Amino acid sequence: MLEPAPAISLTGVTRTFGAQPAIVGVSLTVGRGEVVLLRGANGAGKSTLLRVVATAVSPTYGRGAVLGFDLAAERDEIRRRTDLLTHRTRLYEELSAAENLRFGCALHGIDPALVPGALERVGLAGVAGERVAGFSQGMRQRVAIARTILRQAELLLLDEPYAGLDADAREVVDRLVLAARDAGRTVLLATHQPTRAGLATRTVLLEAGRLQPHPVPPPRAGVPG
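Numbering (this note's numbering), first residue to last: 1 to 225.
Among the hints, a few may not be true.
Unchecked claim - Pair by pair, the computed Cβ-Cβ distance ranges are:
| # | residue 1 | residue 2 | range |
| --- | --- | --- | --- |
| 1 | A113 | A19 | 47 to 53 Å |
| 2 | A113 | Q193 | 34 to 40 Å |
| 3 | E93 | T60 | 17 to 23 Å |
Calculated from the structure, these hints are not laboratory results. Quick caveat: nothing in here was measured; it's all calculated off a predicted structure. Even glycine gets a Cβ: it sits at the ideal position worked out from N, Cα and C.
All chains should be modelled from the sequences, with the hints used to inform the complete structure.
Structure below.
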């Protein structure tokens, strides 16, 4: 029986914006079921790398595959199987939390009866009918996390998901990662904060757009509180 293709396989991927390179010659393999922490300072290229994997932008040079599908030729297949969560929540402000999630369910063929349970898991059951326009950033992020819970994507891409969140909301993100890990799904978590390393199976470092060859020491046992 053939082994499944890696969740992510990139070879020499470079992405430039005009004359400015954002990532340079990135080669990265992430196996199925891994939780990989992508560390790097602000501006290191983490967001660009995740957007390339999510097919939001194309590589300028290099090649790659996601879940066995080619980055250039099979973008739609990749998008069906991946979910990119950032601190920009992409919610409709005039809709309620529940309406936003039901809209997402309609787009992805998900049973809308699952919406109340997803809102319960992120602590928003009591405000399900309220418009997102009145929500704080932390509450909006919780709605976006609930949307990700509903999708159950094979590959979860998290781009600085802790930005601007209080301790309770950060724990909601942690639970999302742990649930994905326990279900055998793959997570690539980009952050400049090393404190979440306890969630990951390994850590890689991006500096000035280049993936560093030296390994990052493994995290201590345990999960951040």
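Structure versus earlier hints, numbers of those that do not hold, lowest first = Those not satisfied come down to hint 3.
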